[in-house]
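Visitor: Letter by letter, the chains look like this.
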Amino acid sequence: MSFLSYLISGISLGSVYALIALGYTMVYGIAKMLNFAHGDVIMVGGFIVFSFVSTLGLNPLFSVLLAVVLCALLGVLIERIAYKPLRSATSLAVLITAIGVSYFLQNVALLIFGSSAKSFKSVVPIGEIHIGTELVISGETVVTIAVSLVIMVALTLFVNRTKTGKAMLAVSEDKGAAQLMGINVNKTISITFAIGSALAAVAGVLLCSAYPSLKPTTGAMPGIKAFTAAVFGGIGSIPGAMIGGVLLGVIENLSKAYLSSQMSDGIVFSVLILVLLIKPTGLLGKKINKKV
Amino acid sequence: MKKDTIKEAVAAVGEGETLLSVRDIHVFYGLIEAIKGVSFEVRRGEIIALIGANGAGKTTVMHTISGLIRPKSGSILLGGAEITQIPAHRIVSLGLAQVPEGRRVFQELTVYENLMLGAYVSSDKAENEEMLEKVYQRFPRLEERKKQSAGTLSGGEQQMLAMGRALMSRPDIILMDEPSMGLSPLYVNEVFDIIKEINGSGTTVLLVEQNAKKALAAADRAYVLETGRIALEGKASELMDNAQVRRAYLGEE
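Protein chains in written order, with numbering that gives the first Met the number 0: chain A, 0 to 291; chain B, 0 to 252.
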């Protein structure tokens, strides 16, 4: 029974990684850049909910909704101010800028909230669920898996079925040709950042509800893990990010349970290295065909 | 000028009147002047060929018209209305579509999805379906392969798809950039037949080609572009007899 409970909490953790990885992979697909500030949007989402719930005493669900909207706006703003002027710059310049934005967000949070960890009050209203006599699943785990599942299905439908989704796919393949179709590339990039950051806010809230400690660097480690998950699944691929995220969470949790809790991160990253050695494009990554 | 005003102006252009006019455009890549004052015009109903060697600036002219590149000076008029500063993604809805060089179909998307992206600017579902039917009629191969991803098509089929995709926006004028490039002789003939067919059903065509012989045979009038300037212009049939053209572009001694 304990294996099952490790597995379920691994899936739950992995779903959070998947939500974050979706932001990395979608932004990479469309803007061809690694947005290393993405992890810190998780932290911003956490602090927004923390402030609204614990400081102002607002309704938790309403606060989450606000955090999602505010983080979406933040994502759009970051792209406009920091990345858009660098569209035609070298990828190294964009990467360094992204790291700069990451430190900027962390330090703004540090200024406002200080460096000590805040205790985050879970927004999940349901308690533990007992199945049989041994299996106990926390409410956070159930909600995290359910919410992530709904979001992933909705996102897949959105990308594959709607006109805007198709426009995103077109822009990610060929910006020039997309423009010739009448697609507004700037708007499409903004929408992508908004969606990615909104997902990061949701992930932040779920993560902080399950691991209720919040400080300015909270987003860093999950951010890196989710980036790993995106590369693991094949960067640029939406189903890849989902599968990569969930697998990563499961591997991490099972290694913690059965191998070593100190070594679990090392094991996770070793798996990544192994996958990349065998299949450099990641699990579902596309081959890059450059036709001459 | 507002989009609808330009659209009306475009619609008001009668047969044989100037639809697209390029006036003295200068285009730079950094410090290098790629286009050094090119002017030409396309009248409604015509097939105009823009021929020239590799590097003469043909694609640059096309990209400047469709708004992907901005000229440093000069202007581009569609239906008499200035479109020089209008962003690329707004130009297609004014009635100007492009079949880009190298086809540039969306490889990961299906044939059907590619075609529907061609109609991206139109939200009239019934009209889009009707146009899709017409495109399938003209290119039966595309209907057979509508669920296949475009990347699995042959070069010739991808060219058909790029042309069908451009038609989906129901344009007044189509710009075609090297439509015969890299195709087998059989497909080259088919492409030129289709261009004449598209033109026959009322769409004006501006054709950029390295295959001067085929282009001149299909076109009404032509312009010869040499290192960023128009070197010659005239009726296609006359240019075909021009000794200079025969020597430089038709491979004759």
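Bear in mind the hints are in silico, worked out from the structure with no lab data behind them. We put the beta carbon where it would ideally sit given N, CA and C, even for glycine. Incorrect hints may appear among the rest.
Sample of chain B residues lacking proximity to chain A, with all beta carbon distances greater than 12 Å (derived) [said to hold, decoys possible]:
#1 Asp3
#2 Asp23
#3 Lys71
#4 Glu112
#5 Arg140
#6 Gln147
#7 Ser183
#8 Ser200
#9 Ser236
Straight-line Cα separation of at most 20 Å, SDA-like style, residue types lysine to any residue; simulated pairs [unchecked claim]:
#10 A:Lys285 x B:Thr109
#11 B:Lys1 x B:Leu76
#12 A:Lys162 x B:Glu112
#13 A:Lys174 x B:Gly227
#14 A:Lys31 x A:Pro84
#15 B:Lys195 x B:Gln243
#16 B:Lys1 x A:Asn183
#17 A:Lys174 x B:Val120
#18 A:Lys162 x B:Gln243
#19 B:Lys124 x A:Thr161
#20 A:Lys174 x B:Gly101
#21 A:Lys162 x B:Leu108
#22 A:Lys117 x A:Thr216
#23 A:Lys162 x B:Glu126
#24 A:Lys162 x B:Ser38
#25 B:Lys195 x B:Thr109
#26 A:Lys186 x B:Arg89
#27 B:Lys35 x B:Ala11
#28 B:Lys212 x B:Gln243
#29 B:Lys212 x B:Phe191
#30 B:Lys124 x A:Lys174
#31 B:Lys133 x B:Gln243
#32 B:Lys2 x A:Val184
Pair by pair, the computed Cβ-Cβ distance ranges are [stated by the list, open to error]:
#33 A:Lys186 x B:Ile31: 53 to 59 Å
#34 A:Val152 x B:Arg137: 35 to 41 Å
#35 B:Asn241 x A:Lys186: 21 to 27 Å
#36 A:Ile98 x B:Thr226: 42 to 48 Å
Visitor: What are the numbers of the hints that this structure violates, sorted from low to high?
Guide: 4, 13, 15, 18, 24, 25, 27, 30, 31, 33 and 35
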